[in-house]
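Please build the complete structure, drawing on both the sequences and the hints.
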Amino acid sequence: MKILQLGKFYPVKGGVEKVAYDLMTGLSAQGIRCDMMCATVSGTGRTRSINPYAHLFTCHTWFECAATMIAPTMLTKLRKECAAYDILHIHHPDPMACLALLLSGYKGKVIVHWHSDIQKQKQLLKLYKPMQDWLLKRADLVIGTSPVYLSQSPFLQAVRGKAVCLPIGVDAMEPRPEFAEVIREKYRRRKIVFTLGRLVAYKGYNHLVEAARYLDDSYVVLIGGTGALQGALQAQIEQGALQDKVKLLGRIPDNDLPSYYGACSVFCLSSVMKTEAFGIVQVEAMSCGKPVVATRIPQSGVSWVNAHGVSGLNVEPGNARALAEAIKEITRDEHTYQAYSEGARKRYEELFTKREMIRKCLELYEGVLNNE
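According to my numbering, the sequence shown is numbered sequentially starting from 172.
Keep in mind that the hints were calculated from the coordinates and are not lab data.
Note that the structure is a prediction, hence the values are computed from the model and not measured.
Heads up, some of the hints might be wrong.
Claimed, not checked - Cut-off 30 Å, straight-line C-alpha distance, at most; resulting in silico cross-link-like pairs (DSS-like, lysine-lysine): (1) Lys-173 with Lys-248; (2) Lys-189 with Lys-525; (3) Lys-445 with Lys-297; (4) Lys-297 with Lys-280.
Here is the structure:
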């Protein structure tokens with residue numbers, strides 16, 4: 172069996188490319204040939220040997236347009252290499268990868284991994300949709316990350332007969348106990364509400380900042396990440412005199428990140444738009460036994476990942492008071508908190524481990540190849 176993942180770009184920055192990279196490394200660790208081809212964020216393209224069973228092909232990017240890396244060398248590279256693979260596994264949305272497949276002449280099996288609908292680029296979607304429709308028709312199998320997205324995405328209704336759910340799995344976070352303790356001490360051992368992501372509109376961080384107004388001084392909100400709204404959020408914090416209750420941490424080093432999960436009491440995913448299709452960060456929090464407060468975004472898998480009343484609570488998007496009340500409910504007493512903590516860890520173990528994602532993906536590959 173020889174597999175090629177068609178990802179978005181490298182180095183890994185977001186959820187789509189992380190899943191592609193994790194599948195490559197996880198499957199190749201079992202002795203299965205699994206390579207990955209994607210655009211490179213900067214520099215010239217090259218081939219990297221990841222291990223004896225995995226190569227990473229990066230293709231030089233000319234420029235970025237509408238969140239797509241324009242890498243014309245991917246067209247020629249895929250056409251040259253594709254015949255060597257039994258399955259091409261394309262991670263959507265990525266118009267560059269779709270175009271490369273269309274022009275490759277590839278005759279083998281195709282799997283489309285539908286991470287999310289295209290949300291922001293409404294006008295460009297009108298141009299791209301015929302090629303997107305072709306991709307879905309060409310696919311032998313369509314993978315969705317949650318049953319909600321598979322059942323409610325308007326683009327997937329015509330292919331539900333060949334669609335299956337494969338939840339995203341991650342390795343458990345491993346906090347350093349001594350550093351987690353340093354973080355707790357830094358914030359005077361208050362109950363830490365942690366969140367992580369790009370500071371952009373769909374993350375709804377303005378509502379989380381507002382929620383701090385409804386939390387007493389035993390709580391502190393820590394927001395990790397950078398982005399275009401950093402200045403606006405800081406201004407909101409200052410205008411609301413919330414400097415002691417909300418902290419913008421900027422980029423958190425990879426080695427330190429697990430300890431922030433370990434130090435927090437609750438993880439909050441305040442996103443307000445369907446662009447947040449799954450929310451890997453809440454799975455990372457669950458792996459540390461941390462309860463989650465998330466939002467019920469229509470047609471998104473976020474509130475499925477965080478099982479309401481089990482691993483945490485889900486509230487109406489954009490409702491700051493509801494976010495605060497959910498945080499207070501989860502932490503109101505030790506018995507309640509422990510129940511949510513245990514529920515979070517158990518849900519992670521049952522559905523969202525990287526090991527289980529790799530196992531199920533391999534089953535899907537075998538099924539596609541056996542269904543000649």
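Lys-445 paired with Lys-297 [C-alpha distance capped at 30 Å]: holds (19 Å)
Holds or violated: Lys-297 to Lys-280, with C-alpha atoms at most 30 Å apart: Holds - the C-alpha atoms of Lys-280 and Lys-297 are around 27 Å apart, at most 30 Å.
Pair hint Lys-189 and Lys-525, alpha-carbon separation not exceeding 30 Å: At roughly 11 Å apart (the allowed maximum being 30 Å), Lys-525 and Lys-189 satisfy the hint.
Proposed proximity, Lys-248 with Lys-173 (alpha carbon, max 30 Å): holds (17 Å)
Of the hints listed earlier, there is not a single one the structure fails to meet.
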